[in-house]
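Residue numbers (this note's numbering): 363 to 628.
In short, the hints are calculated from the structure, not lab data.
There is no bait here: all hints are sound.
Now the in silico label distances, taken between C-beta atoms and shown as ranges:
| hint | residue 1 | residue 2 | range |
| --- | --- | --- | --- |
| 1 | R516 | W442 | 21 to 29 Å |
| 2 | R616 | V524 | 20 to 28 Å |
| 3 | L447 | G542 | 23 to 31 Å |
| 4 | R433 | P407 | 16 to 24 Å |
Where a beta carbon is used, it is the ideal one built from N, C-alpha and C, also for glycine.
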Amino acid sequence: MGTRTALRAVVRDRPLAAYVLLAVLLSWSWWVPVALTGGTASHVPGLLGPALAAVGVTAATGGRPAVRQLRGRLGAPRWWALALLPPAVAAVAAPLLHLLGDGPALGDFADMPGIPAWSWPAVLLVLFAVGGLGEEVGWRGLAWTRLRRRLGLRDAALVLTVPWALWHLPLFWIDSGLAGLSPWVVPGWLLGLASGAVVLGWLYERSGSLLVAALAHTAVNVVSGTRGGEGLVAAVVSAGVIAAAVALLAADRRGGPAPRTVSGRP
363 MGTRTALRAV
373 VRDRPLAAYV
383 LLAVLLSWSW
393 WVPVALTGGT
403 ASHVPGLLGP
413 ALAAVGVTAA
423 TGGRPAVRQL
433 RGRLGAPRWW
443 ALALLPPAVA
453 AVAAPLLHLL
463 GDGPALGDFA
473 DMPGIPAWSW
483 PAVLLVLFAV
493 GGLGEEVGWR
503 GLAWTRLRRR
513 LGLRDAALVL
523 TVPWALWHLP
533 LFWIDSGLAG
543 LSPWVVPGWL
553 LGLASGAVVL
563 GWLYERSGSL
573 LVAALAHTAV
583 NVVSGTRGGE
593 GLVAAVVSAG
603 VIAAAVALLA
613 ADRRGGPAPR
623 TVSGRP
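All chains should be built: construct the whole structure from the sequences, respecting the hints.
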């Protein structure tokens, strides 16, 4: 058996493990050199690692038909509206805080570390394509779908949070990543990540759309990772994500209707 054939067999037998390893290797191949050379270069290119890993593993296990299925559906308008709830809250809160003299201007929500000072449509497009889809194609499109075949909502979210958090590790030494995060805030960051796994996983299942999950991911990043999201606005949205996760887990424990999983997913 040749090396390529043996590697393909391993990927087919352990697709989830292969995905996590490949996502980490691809993203860290950018982030680790950046961190070792001072952490001043942008972290953004490394965000594509999960999407590239998911496409590669999916192609190896199911070929082109499986890659096409990975895209999912467009999603109904109500799910798009729900995904846009965080920036909608910020759009209301920011002007009020700004009038009080202690809040961001709306333009501050397009000021993202690691992305040049482009116009806000360009910044949001990069955040959606690289940050949103770059992560969600892998963490939700491949990893979440496979975990949910054998785990409930809570356990799938907890298991996924472990490699998802590990994947972020080099960002703690990159200026545009998480270098400014205080060690005392890390537990809260982990709680937010686990809550995001619940909310994004649920939204992906219900909408059947990676685009919706990517939009929701981008929306949270806009109100928590930009200059405009510093302070009270980010805290309110983060608390909302945690509260939503608690509510979803409570409903799941009460034995609510089974989630509408994405059919045909590899």
